[in-house]
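J.: Residue numbers (numbering that gives the first Met the number 0), protein chains in the order written: chain A, 0 to 230; chain B, 0 to 230; chain C, 0 to 230; chain D, 0 to 230.
One or more of the hints may lead you astray.
What the hints assert, rightly or not - Simulated coverage check for chain B against chain D, where a stretch passes if three residues somewhere in it have a Cβ under 8 Å from a Cβ of chain D:
#: 1; stretch: 54-67
#: 2; stretch: 117-126
#: 3; stretch: 196-206
Stated by the list, open to error - One-sided excerpt, in silico: chain D residues whose CB lies under 8 Å from chain A:
#: 4; residue: M28
#: 5; residue: P36
#: 6; residue: A38
#: 7; residue: F40
#: 8; residue: E106
#: 9; residue: R110
#: 10; residue: I113
#: 11; residue: A114
#: 12; residue: R117
#: 13; residue: L120
#: 14; residue: L211
The set of hints was computed from the structure by calculation and includes no laboratory data.
For glycine and all other residues, C-beta sits at the position ideal for the given N, C-alpha and C.
There are 4 protein chains.
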Amino acid sequence: MTAERALFARMVSASEEDWRAHIRHEFVMQLAAGTLPEACFRRYLVQDYLFLVHFARAWGLAVYKSDNLAEMRRAQRLVAATLDVEIGLHIDYCRGWGLAEAAIAAEPEDRATIAYTRFVLDRGLAGDRLDLEVALAPCVVGYAVIAAERMADPQTRLDGNRYREWLGMYAGDEYQDIAREAKAALDEQFARRGGEGRFPSLAANFALAARLEAAFWQMGLDDVRSGIQRK
Amino acid sequence: MTAERALFARMVSASEEDWRAHIRHEFVMQLAAGTLPEACFRRYLVQDYLFLVHFARAWGLAVYKSDNLAEMRRAQRLVAATLDVEIGLHIDYCRGWGLAEAAIAAEPEDRATIAYTRFVLDRGLAGDRLDLEVALAPCVVGYAVIAAERMADPQTRLDGNRYREWLGMYAGDEYQDIAREAKAALDEQFARRGGEGRFPSLAANFALAARLEAAFWQMGLDDVRSGIQRK
Amino acid sequence: MTAERALFARMVSASEEDWRAHIRHEFVMQLAAGTLPEACFRRYLVQDYLFLVHFARAWGLAVYKSDNLAEMRRAQRLVAATLDVEIGLHIDYCRGWGLAEAAIAAEPEDRATIAYTRFVLDRGLAGDRLDLEVALAPCVVGYAVIAAERMADPQTRLDGNRYREWLGMYAGDEYQDIAREAKAALDEQFARRGGEGRFPSLAANFALAARLEAAFWQMGLDDVRSGIQRK
Amino acid sequence: MTAERALFARMVSASEEDWRAHIRHEFVMQLAAGTLPEACFRRYLVQDYLFLVHFARAWGLAVYKSDNLAEMRRAQRLVAATLDVEIGLHIDYCRGWGLAEAAIAAEPEDRATIAYTRFVLDRGLAGDRLDLEVALAPCVVGYAVIAAERMADPQTRLDGNRYREWLGMYAGDEYQDIAREAKAALDEQFARRGGEGRFPSLAANFALAARLEAAFWQMGLDDVRSGIQRK
């Protein structure tokens, strides 16, 4: 019977604490309440830009690791969504927050960014495409869950919230569709390449990826407090 | 002084015989003369469709192996050119030659197709992006050279030639530009990631790739003669 | 019930014709009968030496793709068995057949060698360790099956057979143990990383690998007949 | 003229500050002075055990990425040194410090461990073997430099120093030879696969790897102070 539940939901259940540490991270809660210091958000934006470069690499790798044309095309769309749209939006968005592209590109990658992105790529290269997509799911699907949850939360304040646009983007139909597709792809691959015996290791990698995402949010908060993390 | 010559031209000079065996292969000469048996061309078309799937995988891998956004975007354009345009053209073209898509997809991959495509992917994974692009060059640039040479050859017969469209496509500006870009990318990467010490191994892989391309043409001719190569 | 059968046996059943084409190839039958021309065997020996280099690379890759120390150590033992023992034996053996090491290393890799070895490596990189081991199984386990079957066959002639040593090595306890371990590893990984849904794609890759092994034997015969395959 | 200097020395010169932050890290200085709290050292030991697993994976990958048998054999020796010797020593050593193997294996990998190990593996997969060895050099050669420098430092206290054995091991001939070989391999590969144009990117990756090693030491100190880093 559990086998009939969606893989994503099962992995969330199996990593409850780590998952919650990611999707209800203090950074996210303050962002939704509009109380997040701007310096924290700027720090996040810059690192998220650097993150997206490796995110596009991960989907390029997924093109290589595809078993058929449909899989290749979905990976290709995500490379394009990242390189043609998201990275551009980030640059525009950063500019709106007073960050020039040159300044972003010159920023050193934080260890939290390195840890999550390279963990994902290693899972993708050591394992198969399902391992890769499972390691990416806390990011791809996680952002959709975070935005949807916060939009539905009465504590969230949209009026006058500097971060409203960010919430709106990830809560919007376009991004929610990407997340839905990603969940469906997990189920399709688990049926075709998985099996119950594989669940524990997938769930463990999902939990670790969620923890690395939580560390990514934490970096935004920490940096401002201490400045220690910077190169 | 040799260091100033373009890498592509130097690799061609260093592998003269293998290169000629590829670009002036009997298959190509008969195609330009319009004397190639249709069965040979159909055989080639089907295997070339199967080849393109791995070609797209190779450029997906190149997205992963890129050092910067510009490199990623060029690889992404080649994934798109393959998946969005070339594979579609092949299917249309095959249909024009009486081959349905389902029939093509059901065809077993010939050993010549396996040998070249997997050799390329292995070079790309064992080495860096320059190794990958060098192994792809006899295909990417080779087709442009073949079509341009044949178009300039007085022996080539275009009137009533069933293969005229094929020659026209690869001799056309769009494809010639792709080849020019590929040659420029080789030089740029050789400057940034290479050096004279690396030339012998690049030239050896280029020569082997050219030989595997020649074997790919030969497969088209052999199959018809003997049928032995088929599964 | 089928799920309880060993994965190797199931893959053999699913690829009957391709498997038989490999393990009862004319080359093998002639070798067991002692009627194989020496030139064929020499040709095979040289290409098998070149094959072993990539075989060791494949087990190095398996070290990287391991999930735990026990998996790493088994892959490490196979790297060592190849580099420390098999390649040395091959060189000694070739010498006994009048082939100097320098001559072997200078020989161009045949397309049949390239096709099988690079197919294996691509499966290992695009997929996970189970995909890698499945692609290797027609070699690792196949040789043990071939030698055991031929030893049990009344048609096999050992007295005065020049190839007796070859049969004895692969029929011997040491090699048979390696094959047994390889089959056990397939079951262990299929339990931990597989599931029924994955069987069709594993069986398809196993069948293709068996076909590429059959082509490898064929190369030994063809070359002598025609010399065409050589560079 | 600079081209004649050893690659390792040139990369150290080019990343002076990051290199010093690694080899003269407070953790190392306290270890040499015998003043490092035991809890810090235990923390380091456990993470270093987890590190070694990925270190062995990296050398397995190097077997795959080798261009010739000599390269394969050197990588194989380092896999063996790690799996057969170092991991065993670590377990013995940890036991001497009151840490059972089961406890070590159950410990979650710290983000500092994840960041450095996966960065190395990604460099090795995206680039070639030289990229892989450059990313490993701050570890392989760095430990030899640290131990030799501290042994030569009058501030170092060996009498009654609980960490004397650790310093002795890395300052010993056996380990110093491994480091010397690693430096020679960098030069050999830079001659064969590099060139001046490649130096800036190699130096940048070396500097980042040194920074990630410094963060690894810092983890040992931080953890004790705050406990924050733990899962």
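J.: Decide, hint by hint, whether the structure agrees.
T.: Verification of the supplied hints:
1. 54-67: holds (count 3)
2. 117-126: holds (count 3)
3. 196-206: holds (count 3)
4. M28: Violated, about 19 Å.
5. P36: 20 Å, violated
6. A38: Hint violated; A38(D) Cβ to chain A Cβ min 21 Å, cut 8 Å.
7. F40: 22 Å, violated
8. E106: This interface hint is violated because 13 Å lies over the 8 Å limit.
9. R110: 5 Å, holds
10. I113: 5 Å, holds
11. A114: 4 Å, holds
12. R117: 3 Å, holds
13. L120: Where the cut-off is 8 Å and the nearest Cβ of chain A is about 5 Å from L120(D), the hint holds.
14. L211: Result: holds, 7 Å to nearest chain A Cβ.
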